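Novice: Chain residues, written in single-letter form:
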Amino acid sequence: DTGVSQDPRHKITKRGQNVTFRCDPISEHNRLYWYRQTLGQGPEFLTYFQNEAQLEKSRLLSDRFSAERPKGSFSTLEIQRTEQGDSAMYLCAGGDGQGSGNTIYFGEGSWLTVV
Amino acid sequence: AQSVTQLDSQVPVFEEAPVELRCNYSSSVSVYLFWYVQYPNQGLQLLLKYLSGSTLVKGINGFEAEFNKSQTSFHLRKPSVHISDTAEYFCAVKTGGGNKLTFGTGTQLKVEL
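So the sequence lines, in the order shown, correspond to chains A and B.
Just so you know, the first sequence maps onto residues 1 to 115 in the working numbering.
Just so you know, the second sequence maps onto residues 1001 to 1113 in the working numbering.
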């Protein structure tokens, strides 16, 4: 158990609807990451927070995607006007930022299916 | 920019046989290397990591990996696999000073009786 929890674990939505995923890391994780993983592929970086500041965003994060970490604890990832291509597993990960080699611990992921 | 190549998409192996999963990376700066395992419908679990020091790194579940700077490789090995090792294995790299992990495409290890 990495201590990183994600909710919901599974979400089926109709194309065009908005969805929101939540991630709760442990309190020591001042760093928080979102990744996306499609079938047969490795996880792809989406965005990174240090405390409440969003410090890096991937080009994969289109303007339909928005992530927040308002108090430096939990984080949300919202996808607006979902498309079938958004179907994937969305992984959240936390890290304690101890040096550049800090280890990243992943949650169980949130599966999104857009129909 | 860094990248990771996992040369084998699938590796079938019989139970109790040894296995090696290959990983090569590309980076112009110093790197930190990781192996993660993913069981069906689950998140990623850290197996082991190389940050510095000894190039032979031991991890959980009897796995080990060796960092080879000259060959830019970080191959994962286990001397005797078990059915429960059947899973997807991902190699990942992080540069010194960088914030994110870059993953390979994964290797599906299938252990057969």
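Note that these hints are calculated values from the structure, not bench results.
A few of these clues could be false.
[Stated by the list, open to error] Quick list of the computed label-pair ranges, beta carbon to beta carbon:
# : chain 1 : residue 1 : chain 2 : residue 2 : range
1 : A       : GLU56     : B       : PRO1012   : 35 to 41 angstroms
2 : B       : PRO1012   : A       : THR76     : 36 to 42 angstroms
3 : A       : LYS57     : B       : SER1028   : 22 to 28 angstroms
4 : A       : HIS10     : B       : LEU1056   : 35 to 41 angstroms
5 : B       : SER1052   : A       : THR76     : 20 to 26 angstroms
6 : B       : PHE1014   : A       : GLN54     : 34 to 40 angstroms
7 : B       : LEU1113   : A       : LEU55     : 46 to 52 angstroms
8 : B       : GLY1053   : A       : GLY3      : 23 to 29 angstroms
[Stated by the list, open to error] Which residues of chain B face chain A? A few of them, derived with a C-beta cut under 7 angstroms, are:
#  : residue
9  : GLY1043
10 : PHE1090
11 : ASN1099
12 : LYS1100
13 : LEU1101
14 : PHE1103
Remember, predicted model here, so these are calculated numbers, not experimental data.
A virtual CB, placed ideally from N, CA and C, is assigned to each residue, including glycine.
Novice: Taking the hints in turn, state whether each one holds.
Specialist: Outcome of the hint check:
1. A:GLU56 / B:PRO1012: 35 to 41 angstroms: Given range 35 to 41 angstroms: holds, Cβ gap about 38 angstroms.
2. B:PRO1012 / A:THR76: 36 to 42 angstroms: At roughly 41 angstroms between Cβ atoms, THR76 of chain A and PRO1012 of chain B fall inside 36 to 42 angstroms, so the hint holds.
3. A:LYS57 / B:SER1028: 22 to 28 angstroms: Roughly 23 angstroms apart at Cβ, these two residues keep to the hinted range, so it holds.
4. A:HIS10 / B:LEU1056: 35 to 41 angstroms: 40 angstroms, holds
5. B:SER1052 / A:THR76: 20 to 26 angstroms: At 36 angstroms between Cβs, range violated.
6. B:PHE1014 / A:GLN54: 34 to 40 angstroms: 48 angstroms, violated
7. B:LEU1113 / A:LEU55: 46 to 52 angstroms: Holds, since LEU1113 of chain B and LEU55 of chain A (Cβ atoms, about 48 angstroms apart) stay within the stated range.
8. B:GLY1053 / A:GLY3: 23 to 29 angstroms: 26 angstroms, holds
9. GLY1043: 4 angstroms, holds
10. PHE1090: 5 angstroms, holds
11. ASN1099: 5 angstroms, holds
12. LYS1100: 5 angstroms, holds
13. LEU1101: Result: holds, 6 angstroms to nearest chain A Cβ.
14. PHE1103: Given a least distance of 3 angstroms, the restraint on PHE1103 of chain B holds.
Checked against the numbered hints listed earlier, the structure breaks hints 5 and 6; every other hint is satisfied.
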